[in-house]
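Next come the chains, spelled out residue by residue.
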Amino acid sequence: MSELQDTARRLLDEGLVQVVIGWEEGPRGARPVFVTSAADCERLIFDARCVHNLATFLNPRRSQITALGKAAVVVKGCDAKAVAGLLREAQLERAGIVLIGVRCGGVAGEPATLAPPALSAETVSARCWGCDVREPESVDMLVGEAQPEPPVTADLDERVAALDALSPAERFAFWTKELSRCTQCYACRQACPLCCCERCIVEKTEPQWIETSPHPRGNFAWHLTRAQHLAGRCVGCGECERACPVGIPLGLINRKLQQVVYELYGYTVSEDPAVPAPIGAYATDDTQDFIE
Amino acid sequence: MSERALLLTHDGLATLVEELAAAGTPAVAPAWAGDAGRAAGASAAARETEYRTVSGAAELAFGERLPRLSLKQFFLPPTEVLFSWRRVGGGVELIPPPTDFAAQVVLGARPCDAAALPIVDKVMNWDYADELWNARRAATTVFSLACGVEDDSCFCSAVFLEPAAARGSDGRLTPVDGGYLVETFSDKGEAFVAAHRESFTDLPAGAGGEVLAVQAESFRATARERVAGNLAVDHGRLRDWLDHHFDDPFWAGLGPRCNGCGVCASVCPTCHCFDIVDEPESVGRGVRRRNWDTCQTCVFTLHASGHNPRQDQNARFRQRVEHKFLVYPLKFGDVLCTGCGRCSRACPTGQDLAEILADIDARAAIDAGAGAVGDEGAADEAAS
Amino acid sequence: MSVVNQPQRSGERAPDDSGRATAEFEPRITAFVCNWCTYTGADLAGTSRLHMASNVRIIRLPCTGRIDHVFIVKAFERGADGVIVSGCHPADCHYTAGNYHARRRFGVFRELLSFLGVDPERLTFSWVSASEGGKWADVVNETIERVRRLGPFDSYHGLAGAATPADDPFARFEMPAGATGGTAAAPADGHDAASQAPSGTGDAS
Amino acid sequence: MSRIGVFICHCGENIARTVDCGAVAEALREHPGVVVAEDYKYMCSDPGQQLIKKAIADNDLTGVVVCACSPHMHEKTFRRAAAQAGLNPFVVEMANIREHCSWIHDDRGEATAKAIDTARTIVEKVKHNKPLQTIRIPVTKRALVIGGGIAGIQAALDIADGGHEVVLVEKEASIGGHMSQLSETFPTLDCSQCILTPRMVEAYQHPRIKLYTWSEVEKVDGYIGNFSVTIRRKARSVDEDLCNGCGDCQAACPSRRIDSEFDAGLSRRPAIYTPFPQAVPNMPVLDREHCTLFKGRRKGLAKDACGKCKETCLKGAIDYDGQDTFVTEEIGAIVVATGFQLYDIGREQPAGLKGYGEYGYGEVPDVIDGLQFERLASASGPTGGEMLRPSDGAEPKTVVFVKCVGSRDPEKGMSYCSKICCMYTAKHTMLYKHKVHDGRAVVFYMDIRAAGKGYDEFSRRAIEEDGAEYIRGRVSRIFRDGDKVKVWGYDTLSHRQVVVDADMVVLATAVRPQPGIGELAQKLSVSYDQDGFLNEAHPKLRPVETNTAGVYLAGACQAPRDIPESVAMAGATAAKVLGLFSADELERDPSVALVDERTCIGCFNCEHVCPYGAIEHRDVCDMEGHVCGHVAYVNPGVCQGCGTCVAVCPSKSVELAGFTDDQVYAEINALAGW
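Chains as they are written, first to last, in the working numbering: chain G, 1 to 292; chain X, 293 to 676; chain B, 677 to 881; chain P, 882 to 1555.
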């Protein structure tokens, strides 16, 4: 990790940035850290437990972070895609941040282990299925060893397909059961690097489109809206699902929509901010089989 | 209360659960969460448990992982109706909620979850007696299950409790060979045992009984010992430090990592803040509900004017710590925390309350000129 | 304003909601239509005296581009059994592109709803121009018949429990009545989860 | 607290027949917020409106709902009435219980129930209506006329004479259009050029008309009163200021075998040419496609292969290196007068059309179309007005005229009637007979459509006085037979096969819109029909307007039109434009979008989807005045109120006045009761 630490140290020493956002060893495993002094750079780590999407901390409305000054952020593939999303939506200026890319061969399902697990089909995060980024390209510098492809995990697509194979009534029953656990704590939203509104639609009260009461009706409205607003924007980092305190499989919904925007509009989320998102653009010959 | 403890064999527990189900008495107990969607490739999740109304012993997850959410939801549901309203002619008809809740029992509550109930009772009966909370409390008998300690994030012993604390429990089960040693601490507990006496068996007289009693005690002792190593703080100086360091730069070190999601509050057995919303069902018809809320979100303190007294997450996280360890203790003589450690486990960004308390306590120690952490006097002082 | 405060324990829905299931089922359809094409087409259907079933309630918007997915969600919450979204044909949009944007958003949202178990048969998306009064009549009648076959969407309407304080807080974390598979331990995968759903819950499939 | 008045119209029996209006009023009186609900026989009548005005005054209403016909019918009426009673017109809405209810349902119970729901829905909406003020925007009092045919010229002259500047854009080298190609015109047989040329010159010399020939509209930005139009000035290769139209260059040009567009391919022209002697401006254009020099340059020859015209030109006006240039004009109103083309049945057919290969057009030289006949008959034509057929220059003794070639024929051509063919064919037979007295004019027709002042008399004259033989029936085949052209037809009146050995055949081919009309329509965001003709805003009430405010239609771009109609339409558009220009400011519907800057995060999704470029970036400054972010701002003058931005705003920080989220929510919520 010295390469990462040295890079961070240099950036801070040379005053190119005032804070480096990365990962450190916490009491329960890896966790995000905000290093503001060169001396603390030795705390920086990167291993398979570094699952958090650090782009989340670039939300310009997190004033406690912007107050720290110009930031360098350590990004693996999914983080880099999220940064691209923020750039695409004018939430960041590229010149305003430094991106330290780390080569990533997949991460664990969960950061709370005292040592990085050997990645296997069992331990690797579902998010890594089909991830094509070993080396983020949009970065200012790249550190770490070349990485192998992540182990082939239980295919998220299979689980989506299993649900697709059900009747609507069966899917409805499945999701009602899952969503009935939701307490609308919005941890999924807060953990999402792209959910960065000043005031989320659920917090708009006139009118209150989405009922904040965590009965299944309010929960359906919330999760339908969360997913729709992320359609074509979601980078599939899976942080929403990991953050959920009641284990709602949000990854299934996000994955489904990734499939949909690809099948309908040939869109896959890009690390290039110049590539427009599919919602907000259109083609005159877009499919309209579903329209009478 | 009970002079002589009883034994609840595993079979006895099974029959008890079935009996209750048959009688239509909801029995809430830790049960396997095992939600289908995550079954594939989510073995960790498959081990998760939750408090739930159970209908058979097969569902029970006694002595397994700590349930995802605390018991709170059965006394302060994530959403509950305060009243519904309807226009009638020129006026409005208010239909208040029923408060005659059917009796229910909690079997195998974590002592830290059970202990939270009397702590929250205080705020629920301070200037206004909360009917709904109190009615549910009254309708519920709580049997806790002596805890073997979840992991290093547990710190009940640092907040005047212990893994087998009796506080908030009407009775307690302690694992022993063949089942659980049963003690009761209240008339409610007594009454429940009496009502289902046939499910319980007498502790074998003489040596046999002694053995089980010893087993039970050693189980509790082991747990007590294990948790003690996790954290110890001097609440006196901790409060004092908090009281004098509202603007300490220390807080700026906590905010950045925090997502402001309030998962900590959702899973917390003692967090009790709620939001009140009106939900129309149609024209001239609607429902007023109260829903869980949390001081960790930016809108919690947002004024209509647009001003927000808690500007950033630093201030919001400070609020969480100060309310639990300064404000509530000063007002109600109780720390608003039972050391269950759920917040640390659930936090998506690894914010760790035990770590933070230790950190503050160390700073407090320096301020207080004292050296070592956790002097014994603290507990007595706060308890008295 | 006089306040009648009479405690009453009522699990029943408000009077104007009751008795739907029992009587011959008449679907409630909410239609979100654009002002320039479909609304005018519906006007034409009227001036041409094209008779159609009366189950549709029209909400007029300037353009399909204005129609937000939350409209559809809210319509279902408020008792709709089916929803129609209709506007100008491609290249005919009065605002040149609103319908193209709507086409994308609803192309995705329809899939999303379906994935969460809302039968797409309950949704009609259509292009009806100002000159297609006849087509509007067909869209209306066909949607009504399709939704009639599917039956009332009570599984969605009931998601918040009865709209009275009678909903049992202890059942809070159990499956909402009439919607799902009860509280039995969750099975291994979606198939089983679903097979546990009492028949007639969710959409009739 | 809302105080809503609900007024239910019987519309005579139209509504009352199926809707129990009394019951609707009864039900609405019970609805929260409604203080008065009344029904009346004719709410739009004067007493009806009085009733509403009185109710507004008596009950101090904050909103009005009129349950009657479609808002498209009478919304303006009732809003005006409310305004007269001192209420803001935009708190008045209509519940459509006629077109959407009483006219489409039989069951009185159902219809009444639906009417009540509809009324309630609108009442709930109106509770959230905000008083709005009409938006006033400045008007640039300059008009753009696209197309320099008779329609365009007339519109330009009328507007310019009305005192306003006009920019006239013509894609050809000269204005004049098809009319300049015609010999005589029906029904008066006066010489086309004699009446047109003076108008052309007048337009050219008019102090307030700016003429761009050999130019096309490239781009149209902005909106009514404030268009910004970019015009492509195609490289003419001749300096318009230097050229004096002497014609030496044309004489010098070596390549002379190019089909003349003006003579419809019946004569040849040089590569540098003036379309016709009376061209306006009388100035040549270099046809770079056929020019030897440019052919050479395209081949990449080192030195230019020719240069004769440049050498000859004493004024040095020839410029081989000029490129297309662009000018941008600020415009307040646009008149589209792009005219028509004839269905060219010779070459490839429009998509899905079978065409008329069996008529031998394009193969048999003596099978020509109407426009070619005009040139043959014209004194300025290739034959100097003598009636000589193309193949051998002999005088045709038998000429067959075939009508409806490609018109009224969904099978093989267009389904519509081209309208002008009946009259010009009659005219052709006359012109022919006047030139070839012993000649025989045979006309195959489906019907004779001669509706118009003096039209029927005219076509009768062709038959009765000039002896044209009219055969009712279609022609199945036309082919060459020695020096004759054989025409196989069928007389549907006498039910017999007809075979004519003709010397020449004239096909009255269908009128179609100009090629490229689709692209222009999209630049103007004007819709067009399946045949490509531009759509008027309303076929009866707004025949020369389009659905895009500030864009008007004149002549054959809207449908087949003859000269009098085109001129009449041109006058009508001029009247519309002058009306628009009569005020310094234009009043616009205030139903536009508004951004909530407190919650906008400046993601600019709205900007991506706005069809009008109405979204602007606004800086947000902190307390010290430093720019700390950007938010979206909607230019109310540019916004047309589609609301697409509202739907794509994730945080719902944009509202559309008149269709706010509050209003829509209230409507949906109101439906929960039924």
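Derived from the structure by calculation, the hints contain no laboratory data. Where is the CB? At the ideal position from N, CA and C, for every residue including glycine. Hints may contain errors.
Derived CB-CB ranges, DEER-like [stated by the list, open to error]:
(1) Phe624(X) x Met141(G): 51 to 57 Å
(2) Met1504(P) x Met141(G): 43 to 49 Å
(3) Asp132(G) x Met1504(P): 43 to 49 Å
(4) Ala596(X) x Lys935(P): 56 to 62 Å
(5) Ala596(X) x Ser807(B): 45 to 51 Å
(6) Ala596(X) x Gly1399(P): 41 to 47 Å
(7) Leu1013(P) x Asp570(X): 26 to 32 Å
(8) Gly1203(P) x Gly130(G): 42 to 48 Å
(9) Pro601(X) x Glu14(G): 37 to 43 Å
Pulled a few chain P residues facing chain G out of the computed Cβ check, cut under 8 Å [to be verified]:
(10) His1489
(11) Ser1532
(12) Tyr1546
Status of each hint after checking the structure:
A C-beta distance of roughly 53 Å is found between Phe624(X) and Met141(G), which places it inside the suggested range of 51 to 57 Å. Restraint check, Met1504(P) to Met141(G): a C-beta distance of roughly 36 Å breaks the suggested window 43 to 49 Å. For Asp132(G) paired with Met1504(P), a C-beta distance near 45 Å keeps the hint of 43 to 49 Å intact. Roughly 40 Å separates the CB atoms of Ala596(X) and Lys935(P), a value that falls outside the hinted 56 to 62 Å.
Evaluation of the 45 to 51 Å hint for Ala596(X) and Ser807(B) yields a pass: the beta carbon distance comes to about 50 Å. The hinted range of 41 to 47 Å is not satisfied by Ala596(X) and Gly1399(P), whose Cβ atoms lie roughly 53 Å apart. A hinted range of 26 to 32 Å for the beta carbons of Leu1013(P) and Asp570(X) is consistent with their spacing of about 28 Å. Our hint of 42 to 48 Å for Gly1203(P) and Gly130(G) is violated, since their Cβ atoms are close to 56 Å apart.
Pro601(X) and Glu14(G) have their C-beta atoms about 38 Å apart, which keeps the hinted 37 to 43 Å range intact. Taken as an interface hint, His1489(P) checks out: its beta carbon lies about 4 Å from the nearest beta carbon of chain G, inside 8 Å. Interface hint status for Ser1532(P): upheld, as the beta-carbon distance to the closest one in chain G is roughly 4 Å, under 8 Å. At its closest, the beta carbon of Tyr1546(P) sits 4 Å from a beta carbon of chain G; the interface hint therefore holds under the 8 Å criterion.
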